[in-house]
Each structure stands twice: as structure tokens, then as C-alpha cells.
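Residue numbers (my numbering), protein chains in the order written: chain A, 1305 to 1618; chain B, 6 to 109.
Hints are not guaranteed to be accurate.
Partner residues are not named here, just some residues of chain B that face chain A (Cβ under 10 angstroms, in silico) [as the list claims (entries may be wrong)]: (1) 19; (2) 49; (3) 51; (4) 55; (5) 65; (6) 103; (7) 105; (8) 107.
Simulated pairs of lysine-lysine, BS3-like, Cα-Cα distance not exceeding 30 angstroms [unchecked claim]: (9) 1460/A - 91/B; (10) 91/B - 1327/A; (11) 29/B - 1467/A; (12) 1609/A - 1553/A; (13) 1336/A - 1523/A; (14) 29/B - 1445/A; (15) 1369/A - 1467/A; (16) 1410/A - 1445/A; (17) 1410/A - 1553/A; (18) 1466/A - 29/B.
Simulated restraints on C-beta separations [as the list claims (entries may be wrong)]: (19) 50/B - 1331/A: 22 to 28 angstroms; (20) 1377/A - 84/B: 38 to 44 angstroms; (21) 71/B - 1329/A: 18 to 24 angstroms; (22) 80/B - 1402/A: 48 to 54 angstroms; (23) 1373/A - 50/B: 26 to 32 angstroms; (24) 45/B - 1573/A: 56 to 62 angstroms; (25) 50/B - 1573/A: 23 to 29 angstroms; (26) 107/B - 1511/A: 16 to 22 angstroms; (27) 1572/A - 74/B: 31 to 37 angstroms; (28) 50/B - 1418/A: 44 to 50 angstroms; (29) 74/B - 1312/A: 24 to 30 angstroms; (30) 82/B - 1527/A: 51 to 57 angstroms; (31) 1329/A - 107/B: 47 to 53 angstroms.
Hints in this document: simulated from the structure, not taken from any laboratory. C-beta atoms are modelled at their ideal positions from N, C-alpha and C, and glycine is treated no differently.
Residue-level listing of the chains:
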Amino acid sequence: MEPDPKEAEFFRRLDADESIEPKDWFPERYRKQLIRMMSQHAHSEIVGMLPEGNWITRAPTFRRKIGLLAKVQDEAGHGLYLYSAAETLGISRDEMYQQLLQGQAKYSHIFNYPTLSWADIGMIGWLVDGAAIINQTMLAKCSYGPYARAMVRICKEENFHKKQGMEIVGTLMAGTPEQRRMAQEAFDRWWWPTLMMFGVPDQASPNSAELTRFKIKRKSNDELRQRYIDMKVAQAHAFGLVVPDPDLKFDDATGHWRIGPIDWNEFYRVLQGAGPCNRERLEARRQAYADGAWVREAAAAFEKKRRQKEETAA
Amino acid sequence: MSSAPPARADGDFTELFEVFVQEKAGEAHQHVGSVRAAGPSLALQHARDVYARRSSPASIWVVPTAAITATVDADIASFFEPAADKAYRHPQFYRVPKDTPEES
């Protein structure tokens, strides 16, 4: 069979590290994989507002409150960057959003864990956003132009998120024994789930090979995870936190920290809907969508009137 | 003239707008991304909330995505071809006598 010249040209451009733009020809699988990934990523930003939103009214100081408000607002913005970047692939935001509300779309498993104490807000900024930055720094070099550009913008803003988290953790660890205990407990709960954020090892991942071939992914899940481990273990020790892993040891030969086995069953369980907060998260999104109906109707009425005026004037 | 697409049957009047931000007065407006909104004035407000949360730009433009006419891939070679063989449009093409003093 003759190779499709359009497809050959597409892979030639990938090989040359050229950016693929919406008007270019690309295989249907490329479009499908990008829509899946970008919409999941957008949903994660939107659902990700909920665990932190939980603490806005109870932030311990005004400084913490304005920081957290700005961070949650950024996440709404990141969701919008990503939805509009995904719209360049010919799917509407409405369609993607309905998939989320109807429970057909996935989002990062990490947002199905609860925020039980104020220390969890520190852990989310330091660990969850720290992990997200590693992933997104890679995606900022992905082959699809609109996705890569959205990532560049997001990465710049995520650094503030990570630093406000580190300030919270640092403050708690320099505080009273109760504050230190609260931080350690939160660390114990978030450490393992954040290691799962990079996904299952590549040989077990159904999408990794294709995503790598399309240059959407440029590093393996395990490679990114190791980078995260090395950075976070060093930071945890500097904070005075104990990493909740009896098998953790430093490998002198490679210069890397080695961890014990990850409980992937927990990951699958949470991903498939049985995490502590899956039901609550989706219900909160559905409620927000229902509560916002009047805003959408008012905007539509406003635009309808504007177009009528424009037509009468013409 | 009305370039807005017809509303969908379910009464959704939103459409996609491309956003251009001018960071400082005097600079060029640069494309930064897009927003979906019901009409241009709401698109401007969304663009401010989404793309100008930190900086205070000099100005923002929003343009309906549907209003943009772009080059087509298949035509690109012939479309831009005339530029390639016109070296005489660049200063490097011209020779000035060696002992002419440089301009400062």
C-alpha cells in the first residue's frame, strides 16, 4: 500500500520539531488524543478549584485568603485557556463540559481527595502544583501549537501557586508542635497520591506509546515522577518533614531517591469513581452549572438584542 | 454588516473570539489566545479576566474567529514564493565603497 503523502508530511514535520497548527492536516488519532488529553486537563483545572475553594472562607489570615482567592481564580482561567485551545480541534466547549457533567470525561484523580485541614492547602500548592508544573513544562514543548502556548502561559502562573504552598508549609513547620503535626499528617495523606499524578509506568499505560509518537508527550511517566521525587524529598527534608515511605533510600550510584511500591489499585479505584470525593466533586460542578443558568440566559438575551439592533441599523 | 453566525437552535449565542493584547502603548497587539462569549462586549470582559489578570495592558482587541481569513497550506509555497528570489530587497545585496565612513 502506498503511504499517504499527507501523513508522511505530518510525521516529517514532527521529526523536524515543527509545530502543528489547527489549519494543518493531521491524522484523526492525533485529533482524538489531543481532545481527550486537553479536555481532561481543562476539567482538572475546573474541578481542581473545589478542594481549595473549601478553605477560602476559613483561611487563617487575610494574606492567605487573598493568595488563595487569586490562585483559585487562576485555575478557572487555566481551564478556559485549555477549553479554548481544545476548541481549535473542532469540538465545542459546551460538548466537553457536558461530558464532564455527565460523568463521561475523566479529570486528574488527585482532586478526589478531601482537604481536611488548612495544611492541605499548603500541600496542594507545594506538591500537587509542583507535580503539575513538571508535567506542564514538558507539555509546553508538545507538538500542538495551541496546547503548547497555553502551557507556557499556565506554567508562568503555576510558579506563584507552588510558592504560596511552600510558604504555608514552611510557616506551619516553623510553628507550634500542633502546627507541625498538622503539616506532617497532611504530607502523609498527599505524598502517595501526588506520585500517582504522573500516571502508571509507561509499559502499562494504554496511551503513552502513541502520545510519544505524536510528540505530545516528550518524557516518560517514570522519568517525570523520578524528577518530582528527587526534588520533593530534598525539600521535605529541608522543611523537617518525614517522607511516609519505609523503603525510601538514596541510591548513591545514580544520585536518585528510590521509593517503595506505589499502590496502583488505589489509583484505579479513585480514577474509576470510588475515591473519597468523586461524587461530591461532580455534584458541586452540576450545581454550579445549574446556578449559572440565569447568567448564560442573560448573556444570550443581551447578544440577541444587540444583533437585532445591528440588523435594524443596517 | 453582521458577521455573527446564526444562533444555535438551543439559543446559544456564544461564538469564539481571538484575543490580541497590547502590553504597552506603542507596541503591536499580539495574539494571546481565544475566548468564547455571547457577543463582543462580553468577549472583551472575558478576555480581560482570562488574559490580563496580572498585567494592566494598554489595550485589548477581540475579533470573531470566523472573521479571520488565513493562508491555506496547499497554497503556501506559491503564495510566498515571490519573496525568495528578491535579494535586492535587502541591504546586504548592495555594495558600498570600502572607505566610506560608517554611519553612527
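Honestly, which of those hints from before does the structure not fit? When the structure is compared with the hints, numbers 2, 5, 6, 7, 8, 9, 12, 17, 19, 22, 23, 24, 25, 26, 27, 28 and 30 turn out to be violated.
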